[in-house]
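Visitor: The task is to assemble the complex, starting from two chains supplied on their own in separate frames and drawing on the hints.
One-letter residues, chain by chain:
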Amino acid sequence: MILYTPLSETDIFPTSSEIYSNRHCVTYDGKSCFVEKQADGTYQLLQLLSTDPNDFLNENYTPGTILK
Amino acid sequence: MDQDQIKTNPNPQNPQDQGNQQNKSNLVQKIQQLGQTNVPQAPDSNIHVLSIIGQIEGHVQLPPQNKTSKYEHIIPQLIAIEQNPKIEGLIVILNTVGGDVEAGLALSEMIASISKPTVSIVLGGGHSIGVPIAVAADYSYIVPTATMTIHPIRLTGLVIGVPQTFEYLDKMQERVIQFVVTHSDIPEEEFKRLMFAKGNLTRDIGTNIVGKDAVEYGLIDEVGGIEDAMYTINKMIKQKKESGSEVIQ
Numbered sequence: 273m274i275l276y277t278p279l280s281e282t283d284i285f286p287t288s289s290e291i292y293s294n295r296h297c298v299t300y301d302g303k304s305c306f307v308e309k310q311a312d313g314t315y316q317l318l319q320l321l322s323t324d325p326n327d328f329l330n331e332n333y334t335p336g337t338i339l340k
Numbered sequence: 528m529d530q531d532q533i534k535t536n537p538n539p540q541n542p543q544d545q546g547n548q549q550n551k552s553n554l555v556q557k558i559q560q561l562g563q564t565n566v567p568q569a570p571d572s573n574i575h576v577l578s579i580i581g582q583i584e585g586h587v588q589l590p591p592q593n594k595t596s597k598y599e600h601i602i603p604q605l606i607a608i609e610q611n612p613k614i615e616g617l618i619v620i621l622n623t624v625g626g627d628v629e630a631g632l633a634l635s636e637m638i639a640s641i642s643k644p645t646v647s648i649v650l651g652g653g654h655s656i657g658v659p660i661a662v663a664a665d666y667s668y669i670v671p672t673a674t675m676t677i678h679p680i681r682l683t684g685l686v687i688g689v690p691q692t693f694e695y696l697d698k699m700q701e702r703v704i705q706f707v708v709t710h711s712d713i714p715e716e717e718f719k720r721l722m723f724a725k726g727n728l729t730r731d732i733g734t735n736i737v738g739k740d741a742v743e744y745g746l747i748d749e750v751g752g753i754e755d756a757m758y759t760i761n762k763m764i765k766q767k768k769e770s771g772s773e774v775i776q
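Protein sequence lines, in the order shown, are assigned to chains A and B.
Okay, so the first sequence: first residue is 273 according to this note's numbering, each after it adds one.
Okay, so the second sequence: first residue is 528 according to this note's numbering, each after it adds one.
Chain B with its partners taken away, still in its complex shape (with noise of 0.2 Å):
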């Protein structure tokens, strides 16, 4: 095979020759990884797409086929975001389960305490833990198809059976509804209704919510996809840039 090529190609250590045969083992690397040979570059954006998807991922780690978004990598996202000055906005992208309630609620507050505009989009659906960290952003949308389950926390693995166990968990549940009633505008009656409601999961207790009831429920602003989402930060980025050299004068 090697006494082939020098057949062929008289001089071997033409460095074009090289340079091509490398570029063909790069060509069909990229095709077994990807199934594609290049994607298209971009110059840089000025908006930062933040995605949670899978499992969210708190104290326990999960077995490795579960697709999961770490606290311990989206924190230092959001930290990153807040800092850098050529960062003027965050979209949000949502297509999660739930998981942990604590590491939900921690993502939840950093996403409503950064000072640039954040814009977040349920796609597929926004479950469980995921509805916080939906109505944490300025602006919230939700795609026709994608769903929201509310339903009371829980908790799996080993419990110490004593009364405070269960207060603590009432706590909890507590301290989710709190947040959620403050960065939407659904009422409280109505969310707790929602979310101890019978009949709606089959023997289980919760509703789930499918795209424009969200918005009638008051969860989320709007149903739109990425057109919209694209269309609102950029108008809430221009806001604030006006606003603030409205204040330096």
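Chain A extracted, bound-state conformation (with noise of 0.2 Å):
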């Protein structure tokens, strides 16, 4: 089925609260982080809070690290 219409993709299909719910943004080792939480329930990092941008060359806040 093809849907043409002006209306924004998410005004069709609305996105489930269970993603809202799963993410979430926490201070991790002094640092703000917006995580998700997995299936298994570990958390894993979405995007790091910061403006230092040493924190981004630091290998344990690279993107889709499973936080502990």
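Fair warning: there could be bad hints in the mix.
As the list claims (entries may be wrong) - Here are some chain A residues the structure puts well away from chain B; computed CB gaps all over 12 Å:
id	residue
1	300
2	301
3	311
What the hints assert, rightly or not - In silico DMTMM-like cross-links for lysine to aspartate or glutamate, where the CA-CA straight-line distance does not exceed 20 Å:
id	chain 1	residue 1	chain 2	residue 2
4	B	594	A	301
5	A	303	B	599
6	B	594	A	308
If you're looking for bench data, these hints aren't it; they were derived computationally from the structure.
Idealized CB from N, CA, C, for every residue including glycine.
Guide: Structure, rendered in structure tokens:
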């Protein structure tokens, strides 16, 4: 089925609230991180919220890291 | 498989071997995550970088597939930059399509009122409410290929259909215009002319200005990239230190 519509995709297929509730902003090791809870209960780093350019060179905070 | 390992490795309890194995699994995890094994380390930086990317998110949470810069994340970072004595300057990197007008104006005012030197660079795009954020810094740069769309503000969603709504919108628009005019060299009439121009954006109202044009209109200070921005901010930090020491004398 093809829908031709001026509406945005999310207006027709709303995002499940589960995705919102799985995402949190936490402080990990003194740094603010935006994380997503995985199915196995671990947290995966989505985004490091920092203005220090050196934090982005720290390999422990690369996006996708599983935080312990 | 375990037996094989024991055969080839006569002492499985050897801590070095265990360490090696853990290293290896870390390495595999890193390759899976980022496609690279390690990133270089550098000494502490006195210049912090704030990247404003994607949509500027205000009161309404956007669906998770959108890349957003969240107001509630950026404001505390700006406060921390202002308060931390080790941080001497701020570079704002912009690649935004715009977003919430009030959130964007709040960020602009925050950046404009920071006591430390600030430099902004528009990379890719600094559209809509990205324009006030770009001009809020003490000195602004735009890369030659970046664009900025100037257009009248608009509202999506449920709107109460009373004449006051239009007055409210008009006032909000005036706030954006005033901020841009007071923080850049563009004359008010010129900015309004670009904002309400017809024929530039197919059938929409507004103008899309590219790199050099933004400088010619007086909206942005200079065309340049990271090198120029770093040079300028270091110069500003030095000037600030010198003027500070004179006051003490």
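Visitor: Give a verdict on every hint.
Guide: Cross-check of the supplied hints:
1. A cut-off of 12 Å between C-beta atoms confirms that residue 300 of chain A is not in contact with chain B; the least separation is 14 Å.
2. Look at residue 301 of chain A: its CB is around 16 Å from the nearest CB on chain B, clear of 12 Å, so calling it non-interface holds up.
3. Non-interface call for residue 311 of chain A relative to chain B: holds, since the shortest CB-CB distance, roughly 16 Å, exceeds 12 Å.
4. This hinted pair does not check out: residue 594 of chain B and residue 301 of chain A have alpha carbons roughly 25 Å apart, beyond 20 Å.
5. Our distance criterion of 20 Å between C-alpha atoms is met by residue 303 of chain A and residue 599 of chain B, whose separation comes to about 15 Å.
6. For the hint linking residue 594 of chain B to residue 308 of chain A, the alpha-carbon distance of about 15 Å falls within 20 Å, and the restraint holds.
In summary, the one numbered hint that this structure violates is 4.
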